[in-house]
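Asker: Respectively, the protein sequence lines represent chains A and B.
Residues in the first sequence are numbered consecutively from 1, following the numbering used here.
Residues in the second sequence are numbered consecutively from 1, following the numbering used here.
Treat the hints as calculated values from the structure; they're not laboratory data.
No incorrect hints appear here.
Footprint (simulated), chain B over chain A, 3 or more residues, beta carbon under 8 Å:
#1 30 to 42
#2 58 to 65
#3 194 to 208
#4 258 to 265
Only a predicted model underlies this, so the values are computations on that prediction, with no experimental measurement involved.
C-beta atoms are modelled at their ideal positions from N, C-alpha and C, and glycine is treated no differently.
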Amino acid sequence: MNSNQHSRYVLIQRFSLLLLLVLLITGCERDVEIDLPIDQNMLVIEGQIEAGKAPKVLVSRNRGFFDTFPANLEDFIEKFIVQDAVVTVNDGTKTVNLQFVFDPMNYPYFYYTSNELTGEVGKTYKLHVAAEGKEVSATTIIPPPVALDSIFFRLNVFDKEEDSLGFVFARLTDPDTLGNAYKLYSKRNSEKEYFPVEAASFNDEYINGLTIEFFNQRSTQPFGQKDTFIKEDFFYTLGDTVYIKFCSMGWKEVDFFRTFDIARNSNGNPFAAPTLIKSNIIGGLGVWCGLGASYDTLITSK
Amino acid sequence: MKTVRGICFLVAILCCASLTSQAQQKFTISGYIKDAQSGETLPGANAYVKETHQGTNSNTYGFFSLSLPKAKYTFIVSFLGYEEFSQTIDLSKDVKLNVNLKTKSVQSKEVEIVGEKTEGNINSTDMGRLTVPMEMVKKLPAFFGEVDLVKVMQMVPGVKNGGEGNTGMYVRGGGPDQNLVLLDEAVVYNGAHLLGFFSVFNSDAIKTVDLHKGGMPAQYGGRLASVLDISMKEGNDKKYKVNGGIGLISSRLTVQGPIKKDTASFIVSARRTYIDVLIQPFIKDDAPTKGSGYFFYDLNTKVNYRLSEKDRLYLSAYFGRDVFSFKSKNSGLNIKVPWGNATASARWNHLFSSKLFLNTSLIFSDYDFESDIRQMVFAFKVKSGVRDYNAKLDFNWYPDIKHQVKFGANYIFHRYAPNNANGSFGEQEINFGPAVYLYAHEAALYASDDFDLTDKLRFHAGLRGSFFQQVGPFTRYVKDQQGATIDTLVYGKRQPVKHYLNAEPRLMMRYTINKKSSLKASYTQNYQYMQITSLANQSLPTDLWYPATSLVKPQFGTQYSLGYFRNFFDNTWESSVETYYKEMKNQVEFKDGALPSTGIGDNLDNQLTFGHGWSYGAEFFLKKVHGKTTGWIGYSLSWTVRNFPQLNNGKNYFARYDRRHDLSLVLTHDLNSRWSFSAIFVYASGSLLWMPTSIYLMEGQPVVNYGARNNFRMPPYHRLDLSATWTGRTDRKVHSSWNFSIYNVYSRLNPYFMYVYTEGNPADGSFKSQAKMVSIFPIIPSVTYNFSF
Chain A
1 MNSNQHSRYV
11 LIQRFSLLLL
21 LVLLITGCER
31 DVEIDLPIDQ
41 NMLVIEGQIE
51 AGKAPKVLVS
61 RNRGFFDTFP
71 ANLEDFIEKF
81 IVQDAVVTVN
91 DGTKTVNLQF
101 VFDPMNYPYF
111 YYTSNELTGE
121 VGKTYKLHVA
131 AEGKEVSATT
141 IIPPPVALDS
151 IFFRLNVFDK
161 EEDSLGFVFA
171 RLTDPDTLGN
181 AYKLYSKRNS
191 EKEYFPVEAA
201 SFNDEYINGL
211 TIEFFNQRST
221 QPFGQKDTFI
231 KEDFFYTLGD
241 TVYIKFCSMG
251 WKEVDFFRTF
261 DIARNSNGNP
271 FAAPTLIKSN
281 IIGGLGVWCG
291 LGASYDTLIT
301 SK
Chain B
1 MKTVRGICFL
11 VAILCCASLT
21 SQAQQKFTIS
31 GYIKDAQSGE
41 TLPGANAYVK
51 ETHQGTNSNT
61 YGFFSLSLPK
71 AKYTFIVSFL
81 GYEEFSQTID
91 LSKDVKLNVN
101 LKTKSVQSKE
111 VEIVGEKTEG
121 NINSTDMGRL
131 TVPMEMVKKL
141 PAFFGEVDLV
151 KVMQMVPGVK
161 NGGEGNTGMY
171 VRGGGPDQNL
181 VLLDEAVVYN
191 GAHLLGFFSV
201 FNSDAIKTVD
211 LHKGGMPAQY
221 GGRLASVLDI
231 SMKEGNDKKY
241 KVNGGIGLIS
251 SRLTVQGPIK
261 KDTASFIVSA
271 RRTYIDVLIQ
281 PFIKDDAPTK
291 GSGYFFYDLN
301 TKVNYRLSEK
311 DRLYLSAYFG
321 RDVFSFKSKN
331 SGLNIKVPWG
341 NATASARWNH
351 LFSSKLFLNT
361 SLIFSDYDFE
371 SDIRQMVFAF
381 KVKSGVRDYN
391 AKLDFNWYPD
401 IKHQVKFGAN
411 YIFHRYAPNN
421 ANGSFGEQEI
431 NFGPAVYLYA
441 HEAALYASDD
451 FDLTDKLRFH
461 AGLRGSFFQQ
471 VGPFTRYVKD
481 QQGATIDTLV
491 YGKRQPVKHY
501 LNAEPRLMMR
511 YTINKKSSLK
521 ASYTQNYQYM
531 QITSLANQSL
541 PTDLWYPATS
551 LVKPQFGTQY
561 SLGYFRNFFD
571 NTWESSVETY
581 YKEMKNQVEF
591 KDGALPSTGI
601 GDNLDNQLTF
611 GHGWSYGAEF
621 FLKKVHGKTT
631 GWIGYSLSWT
641 VRNFPQLNNG
651 KNYFARYDRR
661 HDLSLVLTHD
671 LNSRWSFSAI
681 FVYASGSLLW
691 MPTSIYLMEG
701 QPVVNYGARN
711 NFRMPPYHRL
721 DLSATWTGRT
731 DRKVHSSWNF
741 SIYNVYSRLN
751 PYFMYVYTEG
761 NPADGSFKSQ
771 AKMVSIFPII
781 PSVTYNFSF
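From just these sequences and the hints, can you work out the full model?
Answerer: In structure tokens form, the structure reads like this:
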């Protein structure tokens, strides 16, 4: 269990008490229309630069909470995606202009990139984005990758009748110096994208220098999330080929992902405290993240 | 320096008090005031002499003492609901007089809220104080058949509730953890059952309730906002009595009687809810949540023994538990959550002389919360709580009729268990670190004097010196800006970690304008050395008490208030206007984005951030205390603001329970000796919520962005309750009464809370955002049958 998983259980504990209301009292819940104060428009950055790869920066906008959500792709692009931003990345020696591309085969599909720049471990990258009269900036470092000791599969042992579904466990030995942070991405079988696993972003505050094991559920492909819980989507199945991408990143970057995880989880939970997502973007929302990645493959077996 | 000044001030008061008492030869009338039928002592009764109109009130134990020059006096004792006692006394030597007051006969009986037809409210220095007799509480509309004294307190201007059905009190801009709730002097750390819908105080076991929301007298301390001082009944020392009540969701039973007639008595009172038992047969065996349930129970017990004319012993205890269990076959979730309070007090009253009264108390108080969650491969258990060992000495000294001096000392040893978790994953134990306890000593010395400076000017001057020290074993993890540990300090057992020493002056003043009206002012300072730290919007039993540490400075409150009091129509109507300004320093909140942590390599207070707050407002109160129709209207207009440098970009924001308007109307009408009717109406501005202001996409998922803190006000809350009480004939062996109540008569769907959520997938057009409002209680009729024999 990592600290993020612990937090989830503390939240379940709080939530469970409030089930009382639902269970015992003739509660009445109804849809209402309310007016919320409106935020100013902000630029949202979803940017990353991985060692050995070109930077990818998605620039989008936030929208009013109750604004009608675009129903078709054209509308979606128009409302959310910023296509005419001036995006530059400085690696300490040169500043590169990133170009907007539409790449329907690779997430995030609409992004700014450049072949003139490849991520290098240890280097600092400064991002600057100007669009629609707003400017935002951020800095990130690519930390050295930390490889997992091993990955292995275990059946969901608590369900005695379970003979095919389970978790993929990862064993990690955290390096001696404090300041490491990690995020685990995965895909399985024929899935295209390495995508983040929930509750698998954590830093080494509590585990510095230790060897830990943590469990991982399956990741969801982009835009593949469902509102209902389906057991088969949650667990890995015996015989799956699992691809793991284990990334090192800075603490500020992992703080973003941890708080983002919690915010996602508290959607629809009326008892959750408002989660403020900790962004490393100055003047905007989102994250600019350097990644040092190591890769593993596992065919699940008992 | 402050402390030195304080001590000088204190000495001055005491000298002043003793000097004036030297002047003339005086004799003392002293004794206990009791109920003639049950033998219960009566605190707060008026004892005075008619000739000079000078007098006193009986103390918590019913004791009074009056020292007067040698003369002939008409000595009078009066108390609400009782016939006046009058006796001519030729005072040429000290007189011991125990007064047994008879309850007024049924025909003439009316429930009066405070005092006799005297100018009590005009004459005292008390500001923002209210005493409500339980008899009145019992006539008011009951919620699910349960009458609740805390809910009556919430009808007083300046006291707000925490939302629908909630027994949390928010007094003059303070949080629910800023109220000192005492049950027979023992601190009750969590005064609520069922997430706040019921208070833990069983009305059958309670004798009196006293609320101080304004100037807090010096004998109380440790909280900023208010004191709710509750005394349990002592038990009838004349004959055995059984009384009880049967309600829709719970029943109560009380047995009391003499152990030795007129010398010793006992009382045992129990209450339990039985919704869990009642609904069990209606749940199918294969229902997905079979085995889930909830109940709570309370047990109050008290024994008292009069050892001699000068010594009395009281032993009292309270034990209550809430137990909630939830089972869900579908998700494999299995949850069991018990929580509750336990208190015990042993008290010994001793009379050194007819002028000096001492009470010595030894008190134990404990609040525990546990939760046990199992799901699939996980088992997760959390324990938290607080435990106190408390010793107190309280002296009441009556040097002469112009002075009432109180002084004493208090020592408490606290043990806090903020959040001790353990868990397992399959066969594997998960290490959450060793159980963490925090220990602290708290001590206080106080002295106060109630005295008349002139005929028109009366003072309560008091000083409280308080001391708090956190001691080991303790491990301090010192963090840098990023949250990384840069140093670890380990303290051994009993090793001091951090201490605080403070002086808390309390000054209250009354100026009599005329017989009908007076002007009062007060200035008080309070320190508070512990607080509830809460992550969520609602207050829950999971909320943790956390002491002052080297990081968490003691909360410091200063309150200024000014009031005008006036009575009308031969004191049948009382009215007051009080204004106040209150400043609260060292307030505590979690940092933005703080997450519950494991406690390994961290202290909870590393996640806290500090700021200050202030609150101001005006309270209007109009009360009819005599006649067949009694009751009050209270209205308060108030503002409560917070400023935390690290929250909300350092900008001021209104506290969550900032309510601009709050109106309460309470009415009781006695039609005849059989029927009485009552009504309650409340209106309050909605409380504030922190809502999202925009939405954006990240990793293909929508997430929300929050704007300024507490940026949304819920719709106002209002409700009307009605009740009728039918009392059976009193000449029968079994006395019975029926209470018919309707809660929320016009079934207003009040907001309990509101929230917003998003659902659907942004990619397929099914995505939408929605706001929801949750209301809990529609119209709820209830019936309670009460009996006694």
